[in-house]
Structures are given as C-alpha cells and as structure tokens.
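Asker: First to last, the protein sequences are chains A and B. Under our numbering, the first residue of the first sequence carries the number 1, and numbering increases by one thereafter. Under our numbering, the first residue of the second sequence carries the number 1, and numbering increases by one thereafter.
Because the hints were derived from the structure by calculation, they are not lab data. Cβ atoms here follow ideal geometry from the backbone N, Cα and C, with glycine treated the same way. Don't take every hint at face value.
[Said to hold, decoys possible] Selected chain A positions facing chain B (in silico; Cβ < 8 Å):
#1 Arg4
#2 Ala11
#3 Pro23
#4 Tyr53
#5 Gly57
#6 Val102
[What the hints assert, rightly or not] Below 27 Å or equal to it, Euclidean Cα-Cα: the simulated DSSO-like pairs (lysine-lysine) are:
#7 A:Lys153 with B:Lys139
#8 A:Lys34 with B:Lys85
#9 B:Lys139 with A:Lys112
#10 A:Lys3 with B:Lys47
#11 A:Lys153 with B:Lys109
#12 A:Lys34 with A:Lys110
#13 A:Lys39 with B:Lys139
#14 A:Lys110 with B:Lys139
#15 A:Lys164 with B:Lys139
#16 A:Lys98 with A:Lys110
#17 B:Lys139 with A:Lys149
#18 A:Lys136 with B:Lys139
#19 A:Lys98 with A:Lys34
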Amino acid sequence: MNKRLILFIVAVAAQLFILAAVPAQKIHTRVTGKTILLKTAPVDPYSVMSGYYVTLGYEISNPKGLTGWKEGSEGMPVWVILQEGSNGIWNAVSVHDKRPTVPNDCVMIKGKVSASRWRIEYGIESYFIPEDARDKVARDLRNNSREAKAEVKVDSSGNAAITKLIIQDRVYEY
Amino acid sequence: MKTHLKISNRFRELLKQELQLWQTDGLISTEQSSAISQRYQLDQIAKESTNRLLFAIYIIGATLIGAGATSFVAAHWEQITPSAKIGLIVACMLTGHIAGFYLWKVSAKSPRLGHALIVLGTLVFGANIGLIAQIFHIKSHFYNGLFAWAIGAIIMAYAVESVPNAFIAMIVSFIGFCGWAGDNPQSFCYYPFVVAAVFLPFACFCRSVPAFSLSLFAIGASVVVYTGFGSEMIASSGLAAPGAALLFFAFGLLLNRSIGFKAFAFPAMVVATVFIAFGAYLSSFHHYDVSYSNLFEHRMWLVPTICLYAPALLMWSFVFKTILAGQRISWFAIGVFFSCALVAAPVALTQVSVDSPDSFWIIVFSNVACLVLSAGLIVNSFRAEDRQFFWAGVLYLALVITSRFFEYETGLLIKAVVFIACGISLILAGVGFENYLKQRRMTNE
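Using the sequences provided together with the hints, build the complete structure.
Answerer: Written as structure tokens, this is what we have:
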C-alpha cells in the first residue's frame, strides 16, 4: 500500500472520526440512558422558534427553593437529583455543586448555570423541528405551554438527550 | 509542450491561424511552420477542445443528477430513519472522496475531476456536521462546527496536497474564529498561532503562493479582529494592523533573499501593504477620541499583538544592518515602514505617556502615514517602471483625499469641484506615467 493511499485513508478516517465524535455522547445517552418525563415551563412566547430549533424551558431549570442551591457563576457545573412524582413527571429534589450519591429511586442529571446565573441548563433546551412542521409545533407549544412534556434519556453520568416532545396527547418525534 | 511560459489556448488558436498566413506570405518556410506547430502542439487543439466540451458536459450532467438526487432525498427526508439518514450522508461524502482519489491519484485519467470530487467530499463533510447535529438535536455555538469542519479539511489538504481543501479550512476556520472572538474577547487567542503552525507550513510544502498569502492574511486579520473585540477599534487599526504590516513586509524582504521561497516575497509585501493601508485609513478618521479610553484595561489582546511586533522589530533590525552595509532598499519598503511607525507610535503614546497626546495627533499622523504610503508606492513605480505600484498609490491617495473631503465638508459645489479635480488629476497622472514609461522604453532600446 503506497504512502499516498495511506495518507488518504488517514484523512478520510479523521473526517469520519469527527462525524462520529459530534453525536457520540448523545448516542451513548440514548442507548444506555433511563427514560424520564420532564414538564416544560413557558418560554418567551414570541421566540419559541430559534432558527431550526424550538426553544424549551423546564420546571427543573428553575432551582429556586431547592435544597443546596446557591447562585453560581456562569457555566459552573451542577448536579440535580430528580424523583418521579405520582403523575409520572420527574421533579427536582436537590441541587449539588459536586457529583452526589444517587438514591435508588432517583435519577441524577448534570447541568450548568446559565448566563443569567439563576437558571440551570441541561443541554436539552433545543429540539430540531423539520421545516414543514415548524409552524404547527410552535403554535401548539405556544397555546399549550403548560401541558407540554419532554421525554428525555439520562445516562449514569447525568448526561441528557431529548427524544420526544409531547403536548397533551400529541407526540412530536423527529 | 516545452515552453517556459503558461500558454493560453486562445494564443495557440491565433498562432495556428497566423502560421498559415505567414507561410502563404513567405515569412516562414514549411519546415519552420511544422516545427512551430509541433512545439505548441497546434494539431491537438481540436481534440483538446472536444475533451473540454465533454468534461463540461460531464460536470453539468453530474451536477443535474446530483441536484435531482438531493431533491429526491429532501422530499423524503422525514420518512427516512435517523440511521438511514446518517448512512446516506456519509455515503455521499465517501463516494466523493474515493471516486476523486481514484480519478486523481490512482488512474490519473481525470485529475481535475478527481480533485474537484475530493473538494466536493470535504464540502459534504461540512454539511454532514450540521445535519448530524440536527438529527441528534445538538445545538452548540456555530463556530464549534466550523472548527470541526476546518480540522477535517486541513487533514485532507495535507493528505492529498490539495490547495482548495486548505482554502476551505482557512476560510471556514476564520469565520469560526470571528464568532469565537466575539463571544470570548478576554480569552487567550490561539488562532493566529495555529494558522502559523498549520497553514503556513502547508503553503511552503505545496509551494502555493495563494495559500501562503491567505495564511498571512488570516494571521494578521485574526489579530486585528481579536484586538477590536478585546480592546477598542483604535487599538485594532492603530496597533494590530501596523504590527502585521511590519512583520509581513520584513518577512517578504528576507524571503526575497532566499533561494527556494523567492516567489513568496512579493505576495508577503502586498499583504503587508493591505494591512497598513487599512490601518492608516481607518485611524485617519476624526471620530476617534482616546481621551477617555484605556486600551490596556483588558490586556489579553496584547499577547498576539506583541507577537507581531517582536519578530518584526528583529527582522527590521536585520534589514537595517544590510542597508548600512550598502544594500539598497526600495521606496516601497521605506513608505510601508514609516507609515507603520506614523500610525502605531501616537496610538501607543496616548496610553503610555503621562502628558499623553490626544486624538488630534493620532488623526494627523495617520493622515500623514496615508500620504507617505501613497508617496512610497508612486515613487517606487517610477523606479521600478511598474504600473501596479503607480495605480495602487494614486488610487489610495484619491481615496484618502475624498474621504477627508466627505468627512469635513458638505457643500455640494465644493464637492463637485473636488471630484472633478480628482478625476482630472487621475487622468493626467495616468497619462503622465504612461508617457514616462514610453520614454524609458525608448531610452532602453
């Protein structure tokens, strides 16, 4: 095998590696993660769509009143313990600045303090919607923001990946 | 075809027509006509023309098929499962690369088509990064995707010695850098160092003047942009731009003395001139007021800026030593050097000196720098008998004069007079210069 061919194969392999690295964590989370339901919280009704993505807020994004919460610096990592409620929705119980021990009936989700310093972001705040469904989903979300839920997978390290958006009995999965 | 020049097809077609006339008129013999025809392969023109037409048809046909396939996929995109989507887009990329490599490097039957397919593969790679992010609902800063694209592109550029792939990497990474610098003005700026370490060696390795010029431009422009975000505009145009100009011009002067890289010397000087022309021009406007500015309030921008000045001053000290030893230096070099000094010195002094000069002196010195740069170019044009220098100097001077005029005077009548005067002066200067060139040619003959 000559040198030129080897170099070419290395270059193609490098590009494939980069393509694999982009979603690697999300794939791992989807494959190994536990499925939970999170309640969305209303966001700015006039900017539900951000380009090709719908912007989602969650009840667990607001840590006020949670055990262990103190305002942190932007980008500071935090770990939030979630517990399932009687309605199947998972709610935040406590927030920690170091990785905690997770009780048996709970799930740990990793986030970081947002730029506003009083909210937590989990990397699941954007959901891509195809062009032909964009208007319909944005309108549904705007009109029924209090009844929207997101199905999310969370792995053992606390990484999360959104898989479905559920508004009343309508499921949006892309 | 053995010639020392790159011969255009148009020249060969004209030569073929003229050869017949020369032979008919008895200017050349049949043997001489045959020798010229063989040297320039004039009997191959028709065949080459057919090949080019066929190639164009292939490209158009392939583009149409590609567009049709893309439309078909787009129409059914939502019905395709995520795994199939990923398989499809990766297959497109691999097809471009593999087919391109085969045609270019293996069979060598269609090297240009092969190279184009590899470039297409890299473009598809970039699109794939965005598509995969969409499939998995990943929303990150756009510059992260661009940097990933640039990494893939430069690796391919090195692997197959492809200048277009390097261009993609440079352009895409520069756009990404501008986005990153806007979000992180106080973080350490790696980009100019990465360009110097990755792209400049590639340009030297491939002996590519365009890649070399673009690399230098990327280094200088990234420092200028980063300084603009990290400090104020005046630091950007008044310190970073002259620093880049000083470094690149000295680099060009030293390359001119080298054996293997002489071809890079003039492009380096041109890039340097662009930076000082830009820096002096921007700094010459009267809206800067540095009285309340502390350019050094945030200092991270100083690191890459000092990294421009330090080697520049070393190189210029070497250049001055050779001048003292009797080596001549062009008016072009003198003009650039003094322009840089005239722009940078007052800006630095406003921040360093206790009795600091105010903005007025920055504006005056910057305008003088513009005049000095123009003068250097114009005088050099007479010495070198080169139109490029002449028109660069004259047009830059005209730009500076009209800009000053628009800045300070709004009367329509005076505007009309100045415009007409500028136009007449340009014409007279151009005619005068052409007459000078003509006289010099006659003297040399």
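Asker: For the pair supplied as a hint, Lys110 of chain A and Lys139 of chain B, confirm whether the alpha-carbon distance does not exceed 27 Å.
Answerer: Between Lys110 of chain A and Lys139 of chain B the Cα gap is close to 17 Å, so the pair holds against 27 Å.
Asker: Take a quick look at whether Lys153 of chain A and Lys109 of chain B sit within 27 Å of each other, Cα to Cα.
Answerer: 51 Å, violated
Asker: Grab the minimum C-beta distance from Ala11 of chain A to chain B and call the hint holds if it beats 8 Å, violated otherwise.
Answerer: For Ala11 of chain A, the interface hint holds, since the closest Cβ of chain B sits about 4 Å away, which is under 8 Å.
Asker: Hint Tyr53 of chain A vs chain B: min CB-CB distance below 8 Å?
Answerer: Cβ of Tyr53 of chain A sits 5 Å from chain B, so the hint holds.
Asker: Take the C-alpha atoms of Lys136 of chain A and Lys139 of chain B, compute the straight-line distance between them, and say whether it is at most 27 Å.
Answerer: 21 Å, holds
Asker: Is Lys98 of chain A within 27 Å of Lys110 of chain A, Cα to Cα?
Answerer: 10 Å, holds
Asker: With a cut-off of 8 Å on the beta carbons, see whether Arg4 of chain A makes it to chain B.
Answerer: At 6 Å from the nearest chain B Cβ, Arg4 of chain A passes the 8 Å test, so the hint holds.
Asker: Can we keep the Val102 of chain A interface hint, with Cβ of chain B closer than 8 Å?
Answerer: 25 Å, violated
Asker: Can you confirm whether the C-alpha distance between Lys3 of chain A and Lys47 of chain B stays at or below 27 Å?
Answerer: At roughly 35 Å apart (the allowed maximum being 27 Å), Lys47 of chain B and Lys3 of chain A break the hint.
Asker: Just to be careful, I want the Cα atoms of Lys139 of chain B and Lys112 of chain A compared with a cutoff of 27 Å; is the pair within it?
Answerer: Roughly 15 Å separates the two Cα atoms, so the pair holds.
Asker: Would you mind confirming whether the straight-line C-alpha gap from Lys34 of chain A to Lys85 of chain B stays at or under 27 Å?
Answerer: 25 Å, holds
Asker: Holds or violated: are the alpha carbons of Lys139 of chain B and Lys149 of chain A at most 27 Å from each other?
Answerer: 20 Å, holds
When each numbered hint is compared with the structure, violations occur for hints 5, 6, 10 and 11.
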